[in-house]
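Asks: Chain residues, written in single-letter form:
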Amino acid sequence: MEMKPIVELKNLSKTIGRKKIIDNLSLSLYPGQITGFLGPNGAGKTTTIRMMVGLMEPSGGDIVIDGKLLADDFEEGLSKVGVIVENPEMYKFMSGYKNLLHFARMHEGVTKARIEEIINQVGMQNRIHEKVSTYSLGMRQRLGLAQALLHRPKFLILDEPTNGLDPAGIREFRTYLKLIAEKEGVSVFVSSHMLSEIELMCDRIAVIQNGKLVDIRDMSGEQESHYYIEAFPAEAAESMLKGEGFTVEAHEAGFIINAEKTQIPGLVQQMMAKEMQLFAVQPHRKTLEDQFLEMTGGGQIAEAHTK
Amino acid sequence: MLKLIQNEWMKLWSKKATWIMTGLLVFAILGMFGLTKWIDTVNNYEKQDWKTSVQGELTYVKEDLSNSGLDADQRERMEGQEKVLEYRLANSIEPLDSNSRESMIMNSGAIGSIAVLLTVIVAAGIVASEFTQGTIKMLLSRPVKRWKILTSKYVTVISFGIFLMLIGFVVSMLGAYLFFQSGNGQELVWNGKEVVEVSAWGKGLYMLLLSFANVFVTATFAFMIGSVFRSSSLAIGLSLFIYFMGSTLVMILAKYEVVKYIVFTHMDLTIYETDFRIVEGITMSFSLAILAVYIVIFLFISYMTFIKRDITA
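Sequence order for the protein chains is H and V.
Just so you know, the working numbering puts the end of the first sequence at 307, numbered straight through with nothing missing.
Just so you know, the working numbering puts the end of the second sequence at 313, numbered straight through with nothing missing.
Calculated directly from the structure, the hints in this document are not laboratory data.
Be a bit skeptical, because a hint or two may be false.
[Claimed, not checked] Pairs of lysine-lysine, DSSO-like flavour, derived with a Cα cap of 27 Å:
1. V:Lys-15 to H:Lys-20
2. H:Lys-10 to V:Lys-308
3. V:Lys-16 to H:Lys-92
4. V:Lys-15 to H:Lys-92
All values derive from a computational prediction rather than experimental measurement.
Modelling step: build the complete structure from the supplied sequences, incorporating the hints.
Replies: Given below as structure tokens:
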């Protein structure tokens, strides 16, 4: 990936009181890529996002947007950013249109025609002149997306964007995000708890825990293939598999090994030859959830939840 | 900046409360006029001859003047009164009846006291409501510096105050012409050298301007509390409390020198147009200077907290 990043976080830190909420976080985000931002509750996702859009002041480190320090030129930097922080709170006593007009006035060069265009894009044309207080949560999300995209940002930050959308809405939303990432080269940064959602949507994920970046990995690349094998006697099977040079991992009643498809028939024959009883051989796909728990250590989440 | 102010006006007038408040102002002023008129027609007491009452007043003033306990300011005011009263008798110029149209026009300072209440409500809520609605994060994650946003809000509050005063003035002019007859008398004043006639309109507008100082300071205070504590009810409560309790505090402290430096002493500038003072030894320019200092402090606190604040949750 030799592209120039649109956003760079460099050694970003935030200390509140004595507590380090964000600790030396460095991350680059590239045009046309959708990056998922994952982390257990209280890991610092929202704090990071709030610092990126000027709602909070970093205690240390830099935020660089399109080559310029945000701290040096706030207005220039943020003019390239569209954002939905958690639920999009709108002025409920005004119509959707007036809300959009309100935010349009805060950006340079958003025309009336652009407002109309974005209203059509998010499919709000029928109810845009009604008060926001009459909207459903899903409609508010659409309006939230509309206000974030008004000024054609190069960088879009979404915090829990699919919250309150119905399945059709989520799919539509996903397709739309992929479209603007591909066609307009927008870099999208999505934080979400819905792992399956992130999995379908993102090219890359960044995992944060206790304010530190734990891992960044590409989702688009071919995943290593895994197989699930259940055999009796288990001990013999395990030592045999290890002897073949696979990494063996206990899973339910059997093992998961990092085998390629072509290796499987040979493996089965070997096991037959040793008169093992084979109950199951099946491809195993590690879900993002597994990976996430692996990276963050499941206990941490449970701990955070019970707090 | 103009666009930001436009935004604030749009939000302000999209709220029903704003329309209700403006309606209330119109209603209250017309009601006051109606009531005065009604009382006037009910109490049809016999009118004293104006010369007798002016003569009586003059005797009082002369008596007071012969008192040695007066300080320079008081003496000066009294002498002015004496000059005016003597001039009336000498040239046979009747004082204005308190229920004449001209008196009503000149009484425009009362508009300020209603406008204060309503402007304070807007000033208290304009920043605080963004926090309670959660819209603050939408508002501040824009390519607009925070001081610009706060300035647009402050300008909106002050212009709303001006707007209410003007509406109030127009309505009370309407009331004055609708309900009251023009009087025979003439308002006179001693300008230091001679007795001159005062135009009712000029004085009316001047009183309006003076009473605006009160609106301005109280609204700025409410604006500060609203942006520091992010609670509009606290801001409304505190502002109205000091608005009503201010003069009581001044009376309690009137004996001490410190009273000259607290804001309440100076909030009502119309005292310079009447002969009633609680605190002696202050001048209009001194009052304006003190008010300016307080306004700067209030605004400094508002800006510092608003710009530095981390927006969480």
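Asks: A separate judgement is required for each hint: does it hold in the structure or not?
Replies: Going through the hints against the structure:
| no. | hint | in the structure |
| --- | --- | --- |
| 1 | V:Lys-15 to H:Lys-20 | 41 Å, violated |
| 2 | H:Lys-10 to V:Lys-308 | 22 Å, holds |
| 3 | V:Lys-16 to H:Lys-92 | 12 Å, holds |
| 4 | V:Lys-15 to H:Lys-92 | 10 Å, holds |
Violated hints amount to a single one, hint 1; each of the other numbered hints is respected by the structure.
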